[in-house]
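Can you build the whole structure from these sequences, using the hints too?
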Amino acid sequence: VIDIVARQYFTDVKMVFVAKEENREKVHWLRMLPNVYSDQLKTRMIVSDDESKNLIFEYLYKELTIREQNKGFEENIIVFLYDEYGFKSHPISKFTDKAKNLGVTFVFFGENRKDIPQGCAYIVDIKDEQNALLINTEDGNNACQFEYPTIRNEQAQSIVKILAPVYTEEISLESTLTK
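The sequence shown begins at 1 in the working numbering and counts up one residue at a time.
Everything labelled a hint here was simulated from the structure, so no lab data went into it.
Heads up, a few of these hints could be off.
[To be verified] Only pairs whose alpha carbons sit at most 30 Å apart, straight line, appear in this in silico DSS-like list of lysine-lysine:
{"no.": "1", "residue 1": "53", "residue 2": "42"}
{"no.": "2", "residue 1": "42", "residue 2": "98"}
{"no.": "3", "residue 1": "62", "residue 2": "127"}
{"no.": "4", "residue 1": "94", "residue 2": "161"}
{"no.": "5", "residue 1": "127", "residue 2": "98"}
{"no.": "6", "residue 1": "26", "residue 2": "71"}
[Said to hold, decoys possible] Listed next, with one range per pair, are the computed distances between beta-carbon atoms:
{"no.": "7", "residue 1": "71", "residue 2": "127", "range": "34 to 42 Å"}
{"no.": "8", "residue 1": "4", "residue 2": "130", "range": "28 to 36 Å"}
{"no.": "9", "residue 1": "66", "residue 2": "122", "range": "20 to 28 Å"}
{"no.": "10", "residue 1": "130", "residue 2": "65", "range": "35 to 43 Å"}
{"no.": "11", "residue 1": "113", "residue 2": "34", "range": "19 to 27 Å"}
{"no.": "12", "residue 1": "39", "residue 2": "98", "range": "37 to 45 Å"}
{"no.": "13", "residue 1": "75", "residue 2": "156", "range": "16 to 24 Å"}
{"no.": "14", "residue 1": "141", "residue 2": "41", "range": "40 to 48 Å"}
{"no.": "15", "residue 1": "130", "residue 2": "75", "range": "30 to 38 Å"}
{"no.": "16", "residue 1": "39", "residue 2": "148", "range": "14 to 22 Å"}
{"no.": "17", "residue 1": "140", "residue 2": "107", "range": "17 to 25 Å"}
None of these values were measured; they are calculated from a predicted model.
Positions of the beta carbon are idealized from the N, C-alpha and C atoms, including for glycine.
Right, dumping it as structure tokens:
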């Protein structure tokens, strides 16, 4: 999450976080990121109760349906699901297979593979604090081991506090380039 918000302008990538009420603290601290705010809904796209789930899942369903019909999109959406929280039984789950074409990425967290729905192209199997395995679900033999840097939750929360109030206009050099 921190890598995405540091490298991508907040109007280019929107983020949705889904966690049940008992796991709310896993995502609540991310609420101040500009990437999480929806101008259309006038709310933060964090699901942690039934009311927010209904509102945001319905918004996602409408948005993805429009993208499917129009064959285009302006911003990417990343949906982080810390808990399944009714995703598998909601109509938005039908978009998992065609997510890439719709500019949406679903990131599922689970203790084992049964927690991850069908249609995922890759699975990241975390081995320890620094090592993981990227597995292609179509060819289980096609796996790539990699190392990743970790940061403590406290550091990530500090970064979010720093990034939250930062609003800048997108800089475009297009008009200054000579032909």
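Consistency of the hints with the structure:
With a CA separation close to 15 Å, the supplied pair residue 53 and residue 42 stays within the 30 Å bound. Between residue 42 and residue 98, the direct Cα distance comes to roughly 27 Å. Compliance with the 30 Å bound is thereby established for this hinted pair. For the hint linking residue 62 to residue 127, the alpha-carbon distance of about 37 Å lies beyond 30 Å, and the restraint is violated. Between the alpha carbons of residue 94 and residue 161 the distance comes to roughly 35 Å, so the proposed pair goes past 30 Å and is violated.
Between residue 127 and residue 98 the alpha-carbon distance is near 29 Å, which keeps this suggested pair within the 30 Å criterion. For a cut-off of 30 Å, the pair hint linking residue 26 to residue 71 is broken: about 34 Å separates their Cα positions. For residue 71 and residue 127, the Cβ-Cβ distance of about 39 Å falls inside the hinted range of 34 to 42 Å, so the restraint holds. Checked against the hint of 28 to 36 Å, the C-beta distance between residue 4 and residue 130 comes to roughly 20 Å, which is inconsistent with it.
Checking the proposed 20 to 28 Å range against residue 66 and residue 122 shows it holds: the Cβ atoms sit about 26 Å from each other. Hint check: residue 130 to residue 65, Cβ distance near 40 Å, so the stated range 35 to 43 Å holds. As the Cβ distance of residue 113 to residue 34 is approximately 34 Å, the hint placing it in 19 to 27 Å is violated. Distance hint check for residue 39 and residue 98: the Cβ-Cβ separation is about 25 Å, which falls outside the suggested range of 37 to 45 Å.
Hint check: residue 75 to residue 156, Cβ distance near 23 Å, so the stated range 16 to 24 Å holds. A beta carbon spacing of about 43 Å between residue 141 and residue 41 agrees with the range 40 to 48 Å that was offered as a hint. A hinted range of 30 to 38 Å for the beta carbons of residue 130 and residue 75 is consistent with their spacing of about 32 Å. Taking the beta carbon of each, residue 39 and residue 148 are about 32 Å apart, not inside 14 to 22 Å as hinted.
Checking the proposed 17 to 25 Å range against residue 140 and residue 107 shows it holds: the Cβ atoms sit about 20 Å from each other.
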